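Okay, here's what each chain looks like letter by letter:
2 protein chains.
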Amino acid sequence: MSSLESDKVMSPKLTVELLRQLRLAMKNCKYFSEPIQAYIIPSGDAHQSEYIAPCDCRREFICGFNGSAGTAIVTEQHAAMWTDGRYFLQASQQMDNNWTLMKMGLKETPSQEDWLISVLPENSKVGVDPWIFAADQWKNMSKALAGAGHSLVAVQDNLIDAVWQDRPPRPSTQLMTLGLERTGMSWQDKITALRAKMRERKINWFVATALDEIAWLYNLRGSDIEYNPVFFAYSIVGMKTIRLFVDLKRLEDPAARQHLQLDAPSRPELSIQVSPYEAVHTELQAVCAALGPKDKVWICDKAGCALTQVIPKTHRSQISYTPLCLAKAVKNATEIQGMKTAHIKDAVALCELFAWLEKEIPKGTVTEISSADKAEEFRSQQKDFVGLSFPSISSVGPNGAIIHYRPLPETNRTLSLNEVYLLDSGAQYKDGTTDVTRTVHFGTPSAYEKECFTYVLKGHIAVSAAIFPNGTKGHLLDSFARAALWEAGLDYLHGTGHGVGCFLNVHEGPCGISYKTFADEPLEAGMIVSDEPGYYEDGSFGVRIENVVLVVPSKPKYNYMNRGSLTFEPLTLVPMQVKMMNADMLTQKERDWVNDYHRQCIETVGAELRRQGRKEALDWLIRETQPIA
Amino acid sequence: MSSLESDKVMSPKLTVELLRQLRLAMKNCKYFSEPIQAYIIPSGDAHQSEYIAPCDCRREFICGFNGSAGTAIVTEQHAAMWTDGRYFLQASQQMDNNWTLMKMGLKETPSQEDWLISVLPENSKVGVDPWIFAADQWKNMSKALAGAGHSLVAVQDNLIDAVWQDRPPRPSTQLMTLGLERTGMSWQDKITALRAKMRERKINWFVATALDEIAWLYNLRGSDIEYNPVFFAYSIVGMKTIRLFVDLKRLEDPAARQHLQLDAPSRPELSIQVSPYEAVHTELQAVCAALGPKDKVWICDKAGCALTQVIPKTHRSQISYTPLCLAKAVKNATEIQGMKTAHIKDAVALCELFAWLEKEIPKGTVTEISSADKAEEFRSQQKDFVGLSFPSISSVGPNGAIIHYRPLPETNRTLSLNEVYLLDSGAQYKDGTTDVTRTVHFGTPSAYEKECFTYVLKGHIAVSAAIFPNGTKGHLLDSFARAALWEAGLDYLHGTGHGVGCFLNVHEGPCGISYKTFADEPLEAGMIVSDEPGYYEDGSFGVRIENVVLVVPSKPKYNYMNRGSLTFEPLTLVPMQVKMMNADMLTQKERDWVNDYHRQCIETVGAELRRQGRKEALDWLIRETQPIA
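For the record, the sequence lines run as chains A and B. So for the first sequence, this note's numbering puts the first residue at 1488; every next one is plus one. So for the second sequence, this note's numbering puts the first residue at 1488; every next one is plus one.
FYI, nobody ran anything at the bench for these hints, they're computed from the structure. On a predicted model such as this, the values are computed, not experimentally measured, just so you know. Mixed in with the good hints, there may be bad ones.
[As the list claims (entries may be wrong)] What the simulated footprint calls covered on chain A by chain B, stretch by stretch (three residues with Cβ under 8 Å from a Cβ of chain B suffice, anywhere in the stretch; the number is not a length): (1) 1499-1505; (2) 1959-1966; (3) 1974-1984.
[Said to hold, decoys possible] Only pairs whose alpha carbons sit at most 27 Å apart, straight line, appear in this in silico DSS-like list of lysine-lysine: (4) B/K2044 <-> A/K1937; (5) B/K2003 <-> B/K2044; (6) B/K2076 <-> A/K1937.
[As the list claims (entries may be wrong)] Here are the computed distance ranges between Cβ atoms for each label pair: (7) B/H1768 <-> A/R1686: 45 to 53 Å; (8) A/E1521 <-> B/M1726: 36 to 44 Å; (9) A/Q1868 <-> B/A2116: 58 to 66 Å; (10) B/A1934 <-> A/R1686: 49 to 57 Å; (11) B/I2115 <-> A/Q1824: 47 to 55 Å; (12) B/M1726 <-> A/A1777: 53 to 61 Å; (13) B/A1934 <-> A/E1847: 58 to 66 Å; (14) B/N1515 <-> A/E1521: 50 to 58 Å; (15) B/S2027 <-> A/R2086: 37 to 45 Å; (16) A/E1847 <-> B/R1688: 55 to 63 Å; (17) B/A1820 <-> A/K1594: 46 to 54 Å.
We put the CB at the ideal spot given by N, CA and C, even for glycine.
Using the sequences provided together with the hints, build the complete structure.
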């Protein structure tokens, strides 16, 4: 999927004319009552989405840089773009010399605030689109600018859109309705549960802005954003009313109408009032105008400030994690069963891929891109396949050491018997979302490659087999994944795990396993996270071993303070290559874990391969799951 | 040391008359221009001290409760005192019924802010002594009260002092000067290093308020506060001036005058201007009045708001950890050598104690208090002994499960052959500070006691032997201490380690090993922390194994990104009782660690015992350090 987009990627975009037009717009009183001296263009959309639709790629449009993270700022004289170390090279190749690349993380690089203060004339106005600028960002930027005599101002019309001639329309894909057999809970019951939480916290209204939360709440899916089965919408839920803001054409579909009971609501308080997507601002204003003196409105602190600021401060209750985010993270029995089914199908596809690779690689015709495409092909043959859950990281040898690698024609490497192959990929099925990384060698790995793989494996097992008290936050488990690497003087510079949605976003809050955060919510049974330690040897190879794991109750010998204990159950059931392991470095416990895991793979996935009559893949699986001594 | 204070501890203090007087003072315009409707009495002193002098025990004076943590609030109608679970029983026994005990941590207990808002008449003034109320507390409380129409006001004279007839005077003990042979760095060089940091961050003035930072900076010690060798002082350091605020009588001592070069400063910029302790406010005002437009003043964000608010906001730079705190934490070679010497002497004393206990316990005459006293006696025989570093936790059987236990006559238990004994104690020597916990059984421990001890030991070793990258924060190591307990379903409800001063406070920032904080500074070579996991079986026994350990460079096989690695070296060298270990539960690595540790004990402490001719203790040490198979 990555080959199409990438052709034009590496030549700089010419931006003289665009910048001229943008600077004109900055002075045009049609957009703001006074001229503004700087305009900030963030990466995001109005829903805090990690992946965004083409119509929201405004920062890419204005500067040419198309990486996932970056903020552009244009003043009358300057244009600068901030991004992190992953993208220094790419950004410098994609931007012309009208732009200054601001390398985040380097000591000499100023923050956006400091830079603005250093270049702006006195008493400047800095404009931003309040829809895509989060409330917490607004607070910090506004304070810093005010301290230097400037002011941050909200420009309601987006100035990039104003100069973007052929801006793609906002997608409005068909809505897919999910029944109880997929979701385990009707949207009506989810609304009722949400209202119970609101009552408990004395909250009268809840404003939902995150697309995955809205999709989860209404048991609907869309395909507005690549890899993420979501659709553009907002929702406002009160104790007696429900408002959904969405392109009304999507609701002409009888299935969607019936699913939402638009024509015959079962009960008045479960009647959904639908309005156009754009009407959310006006409707929220109306809701706020009618608030009682003690009424409170819940909104996520990462929501755009356009909506946040509609709610008067005394009525606003900002939260890091919404009740939908928390409820969505704990999967119910139906969702867990769906995730299990999806992972078995996904394992079937990967067994097929690896069996196929073994045969094809010696011919010298398989590349990073063709291998990823083949994986997608095998996955697409599985029932209820919808699409990939993220762009496949298919990387050979030195490319494997680039953590966020994505093969492009100019970097595309051929798989061989001489180099380590790392494949991090996943899919969306109607019953669940997958995300799995395997690191394999098709020839003979070096002793050093095996050594590093084994440290990573020890870390993976240490997390997967950990037993920990109920109420433990995931960040407390992160060091378990690193202990073996640290002992050898090695490490990896990314977190160990992220939450995974059920036929939803492959990255979701509020839990995870990372040294980088302290604000994660405690793990509880039913949550699903990834366990993916790695090791990256610059210019040589990369190792990552990733399973998606389910948090399950554990029954150790004792039960201190009746707190209960938890552990993880792997949902991913794809063999870890024994050839890459140095078995002497493993403890007996670790060897037992590997053998036990492979027993589960052969029992569960083997049965499915047999059922689907996929003989070659089955033979491969049988061979790859032989116990180690 | 604990026996004297404790006689009157458990009968409630009669507070009717005191409260009447305090309420009169709250209405007296001599203290504040208008009557105030509530007065907050925190625990602390004006220096964020953990232990406080008798003259600062204002909360104890007004309500009778003498635990280490608690805040009292008095309104016209109510008097309430907030404390945590450690102290619910004690507080309820020490306070009369004019007081409401507010049990922190229980769901139904309101926060101080919420309670104030619920009981205050409209538009109330809430008073506080700004010297002992920290700047960050002020901010939160002030905001909450303002949101409900009240205001927080600074009452310059402390109202408790106003009604406290026989308030003890502020201590002004003799200052002890420490030469280069103890400190490894002159105060002049410390000032120069501080100024370099200030220059680096473009800071013009630094206000020091923490007593241990001031003692460290000037290489002086005092005994104003029990257990902590500090003295009451403030200091303000500019690029060309140094001001020290201290009771001037202390500086009549020629040794102190000479040490500080008061009569003949070597260089003008190293000339110390001394002023009375109380003059700091006026002098800081004078400094601030003369600030240039871009001048900045550094002050700790936990300093009292009286001084913080003197610094105009635009000139104020508040920091969590001051440069002195950070510099003090990394011990130099002389300090490390001193700490090692102190720990050897301390080990000698404990070997003597344990040998003595073995002989005496069968007679049935040794109690928790007499054992602690005996430990103090043995320590006091060691060279350069100054005093204890904290009240000894000497606890038998069920008392050992009370984490913050301190034996009192009414709880004092006799040591026997049937119960586990936990002793957590330490001392101040002129060359260093110690803090050690050992858990022992003088008869035959039960299988369960051994099992729990062994989990704790595994956790202790996991931290002590951990190898981790330079730049790692201590909180990332906390779970290593818990993994074995967690696997058995057990845990302990305290952090794993704290920073330790060198002949200074036994608890110091900015590093530590705890799941509770994210704001600790990274560990670096030369830092000293404790490693003290535990397990507490309510009503039965407690286990804790504590060493003080030094952060040292480690040389593992690889060196990822040239970051370098660290590990710990135990400074404490007291045997861990093999009798309490279930050796079958230990891995070979863990057994090797125990044997290696005991080899160090016998080599280092054995030699010293021999030198001191302490035969019985040496025999005990030889026996207790026999290798396990």
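Verification of the supplied hints:
no. : hint                            : in the structure
1   : 1499-1505                       : violated (count 0)
2   : 1959-1966                       : holds (count 4)
3   : 1974-1984                       : holds (count 5)
4   : B/K2044 <-> A/K1937             : holds, 15 Å
5   : B/K2003 <-> B/K2044             : violated, 32 Å
6   : B/K2076 <-> A/K1937             : holds, 23 Å
7   : B/H1768 <-> A/R1686: 45 to 53 Å : holds, 51 Å
8   : A/E1521 <-> B/M1726: 36 to 44 Å : holds, 43 Å
9   : A/Q1868 <-> B/A2116: 58 to 66 Å : holds, 59 Å
10  : B/A1934 <-> A/R1686: 49 to 57 Å : holds, 51 Å
11  : B/I2115 <-> A/Q1824: 47 to 55 Å : holds, 50 Å
12  : B/M1726 <-> A/A1777: 53 to 61 Å : holds, 60 Å
13  : B/A1934 <-> A/E1847: 58 to 66 Å : holds, 59 Å
14  : B/N1515 <-> A/E1521: 50 to 58 Å : holds, 54 Å
15  : B/S2027 <-> A/R2086: 37 to 45 Å : holds, 41 Å
16  : A/E1847 <-> B/R1688: 55 to 63 Å : holds, 59 Å
17  : B/A1820 <-> A/K1594: 46 to 54 Å : violated, 30 Å
Against the hints set out earlier in the document, violations occur for numbers 1, 5 and 17.
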